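Asks: For the record, the sequence lines run as chains A and B.
The first sequence begins at 1 in this note's numbering and counts up one residue at a time.
The second sequence begins at 1 in this note's numbering and counts up one residue at a time.
Hints are supplied without guarantee of correctness; some may be wrong.
Unchecked claim - Cross-link-like lysine to any residue pairs, in silico, SDA-like; alpha carbons within 25 Å at most:
(1) A:Lys26 x A:Phe11
(2) A:Lys109 x B:Val274
(3) A:Lys143 x A:Gly116
(4) A:Lys109 x B:Pro118
(5) A:Lys143 x B:Leu481
(6) A:Lys210 x A:Arg232
(7) A:Lys109 x B:His58
(8) A:Lys143 x B:Arg479
(9) A:Lys109 x B:Ser329
(10) A:Lys210 x A:Gly77
(11) A:Lys181 x A:Gln203
(12) A:Lys109 x A:Gln83
(13) A:Lys109 x B:Leu250
(14) A:Lys109 x B:Leu475
(15) A:Lys109 x A:Gly150
(16) A:Lys26 x A:Ile242
(17) A:Lys181 x A:Arg106
(18) A:Lys109 x B:Asp6
(19) A:Lys109 x B:Phe130
(20) A:Lys181 x B:Leu506
(21) A:Lys181 x B:Ile497
(22) A:Lys109 x B:Leu476
(23) A:Lys109 x B:Ser505
(24) A:Lys26 x A:Glu248
(25) A:Lys222 x A:Ile65
(26) A:Lys109 x B:Ile515
(27) A:Lys109 x B:Tyr414
(28) A:Lys109 x B:Ala398
(29) A:Lys143 x A:Ser130
(30) A:Lys210 x A:Ser130
(31) A:Lys143 x B:Ser483
(32) A:Lys181 x A:Pro196
(33) A:Lys143 x A:Ala204
Claimed, not checked - According to the in silico footprint, chain A covers these stretches of chain B (three or more CB under 8 Å from chain A):
(34) 379-385
(35) 475-482
(36) 490-498
(37) 502-510
Since the hints were derived computationally from the structure, they do not count as laboratory data.
The model shown is predicted, which means the values in this text are computed figures rather than measured ones.
Ideal Cβ placement from N, Cα and C applies to all residues, glycine included.
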Amino acid sequence: MLSLRGLTRRFGGLTAVDAIDLDLAKGELVSIIGPNGAGKTTLFNLVTGLDRPDAGTVRFEGQDITGLSPERLAGEGIARTFQLGRVFGNLSVMDNVLIGAHTRLRAVKPVVPVIGPLLELGLALLRPASVRDEEERLREEIKAILARFGERLLPRIDQPAYSLSYANRRRVEIARALALKPRLLLLDEPTAGMNPTETAEMQALVAELKAEGLTILLIEHKLEMVMRLSDRVIVMDEGRKIAEGSGEQVRSDPKVIEAYLGHGLSGTSEQESAA
Amino acid sequence: MSSWLDYTINGLIVGNVYALVAVGLALIFGVSRLINFAQGSIYLVGAYIGWVAVVQLHTPLPLTIIVVAAAAAIVGLIIERFGLRPLQNSVRIAPLLATIGISFVLDQLVMLTFSPNPRALPSQLPDVRFQVGGGTIGPLDLLIAGVGLTSALLLFVFLRYSKLGWAVRAASQDRDAAMQMGVDVNRVNQAVFGIAAALGGVSGMLVGMYYNQIDTAMSLQATLKGVVAEVVGGAGNVPGAVIGSLLLGLVESYGVAVFGTSYRNLFAFLLLVVVLVLRPNGLFASARQAPPEPLTGTFIAPSRPVRIPWWALAVAAAGFAVLPLFPVSFYVLQTLINAWLLGMLALSLTLVAGTMGQVSLGHAALLAIGAYTSALLSLTLNVPVGLAVIGGGLMSAALGTLLISPSFRLRGHYVSIATLAIGEIVSLVILNWESVTRGPIGISGIPPLSVFGYDLISPTSIYWFSFAVMVVLALLQGRLLTSHLGRSFRAIRDDDIAARAYGLSLNRYKSLAFIFGGFAAGISGGIAAHLYSYINHETFNTQQSILALTVVILGGLGNVVGAMLGAVALVGLPEVFRIAAEYRILIYGIVLLLLVRFRPQGLLGTM
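Required output: the full structure, derived from the provided sequences and hints.
Replies: Structural data, given as structure tokens:
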């Protein structure tokens, strides 16, 4: 479904993403792990069009999507969440999630060249029955999405996002991504800053999404969650893919252990042997 | 041949003066990521202090320079301490608005102290010209070049070798890291503002001597030129600012040589727009830098808007509608008509700046486009006035959006610079395009308002007409805000990256906001043209843009009811208290400053 070939991104002298190959089949959940600064989020940015690669290709369902704009890719059904939590602070929870459904608006966004935007303005002002019905349907659907988070978001549906707790903002982000009805979902550390209970809830939700057949690319630091959920795990370090395989394989890979325990360790051992 | 050398020398000298302003702007931007819109006001203050020193105190030249530098530095320190330091932890829009407010307050204080009439600032140097190659050069040219080079050298030594200079450089690279390493950021800010102000003040004095004239209009021009030079060189890049200034000086000088003096500023602003569009990081930045991770949702102050029940609004509207039936004076009606016209402009700006987050400082240009279109349609093509006004609104929507579209790629403070420049470009085009706009003479004899063949002459009918138009525009805008477009606009404002990741095209939605807003502003300008019966390129000026911005902040960014309330308050209250016209702008500036400091969400809250 998603296939990356030789994807590379350099910032000045630093190669943040270095010739990454990756394949993701439909319905698969692949996790990307690695120490901070390994290039995981940059890789997400390259896949979702927020950044352009210096080399390599991104193919999605057979189509070359390298360097397409993020708004095009959203239209193709790629949704993501952000590591630092990018909710729309002054919008209510409902409006935040409705933005997620933006690419699915049809009645109010007629596909007419050139005057399409003007028609959109006109329809938004006049709001004929078709537009009202569409909006109403989406609102109902979003309540159903919010209900997946139990009582966390539903009671706060009209509150502005800036007033939410950190964990709730992460939930709003995921709800917003689900409202897009994604074919591919990229989750960037969905449990960052969550306590164990909240993490367990999030893990259950991601497991549920996987069971529903959603294709998911996950960045996560909590290894227990990664091991339980992933079909495959990819380990990145300093922009390169250093290991790939099942959770067990990756866990026992010496290169992974080295990356996580730090290069300082190998450095000292070299120094010792040199001495 | 000789004249080309003269133009080159002139360009370099003027460039040197711009450099003194631009270097200050670059230093401030480097440390606090802020474009200081008050820099030109300090330059103005410097020019007038120089005048006091030279004409009243008869100080010798070296002492004049020292006095001006010291006095300007003190002004800079005051701005930093009382205007900006209290806003350190507030939203990004706050310091931007504060420097705009400070600039208006300073300009007005200078104007009230010295009167707006131009004054001569005699150069204290002998009036001789030396032959250099084929051109000539005077002692003042040498002085300006000398001051420019000396300050560049002093600044270099300060930044490179002094401890405080190291701290400035550290803070401009990474403010948080510098703070953690024990750098006192407040002291760094003080140093930077002091230096920037001293340079700006001296620059103003030198320019005054160079042209032997100072007036209060210098301020805005200096800010604009300094910002252009700084942006061309790359915001925050001090050597870049110097090169950008010299480049700007040369471009202007050669432009004047070829096309004439009235095109001088046009070249400056076109250069700015071209650079902003093609290389927004400046000419010397590497093409692709690591994308910065902007903070989210902090551009405008988070707040819950005050919910006003619909019946209260209906009662208020009905009250204003029946007002002319009571024995009220012509003066009250006239004041309220002005408020309704300003209200339409504020509706437009509150959509663009508040709902969409594009703080436009050139909004008066939309008025001008609407006014000229409507006036010319009715005068030259005999289009009925009612239709002509609508034509003005449509033209403002179309042309305004087209002109502002280069700024759609920009963020935050850059949008303000770009819109300010675009506003100036519109005004300069009106001035120079004589075959259509009648140039500096303006358009007179514009027919009065009329609807369906009925002339609206009486103040009562004009009152009803303008009030009704404003209410219709407000209702439409309210409906827009509750549609999917309202939430799309606000989403883009809060976080354009997340918005794009969810399929919102910035160009499409920014265009739609400007189309709708441009229409309202154009209608306001069109009605104004038929009310005034005479307009010229100065009828719709930057002061109106700032007044509209103050109205919008007062009412609450994006708040439709707030925009109308703000307009009535800012037009009405000075009338109630009979405040003399020359103090009004000063009061608007102070209101803006107080709002930013104490109630950033405005009276009715941001939406």
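Asks: Could you tell me which of the numbered hints above are not met by this structure, giving the numbers in increasing order?
Replies: Of the numbered hints given earlier, those the structure breaks are 1, 2, 3, 4, 7, 9, 12, 13, 15, 18, 19, 25, 27, 30, 32 and 34, listed in rising order.
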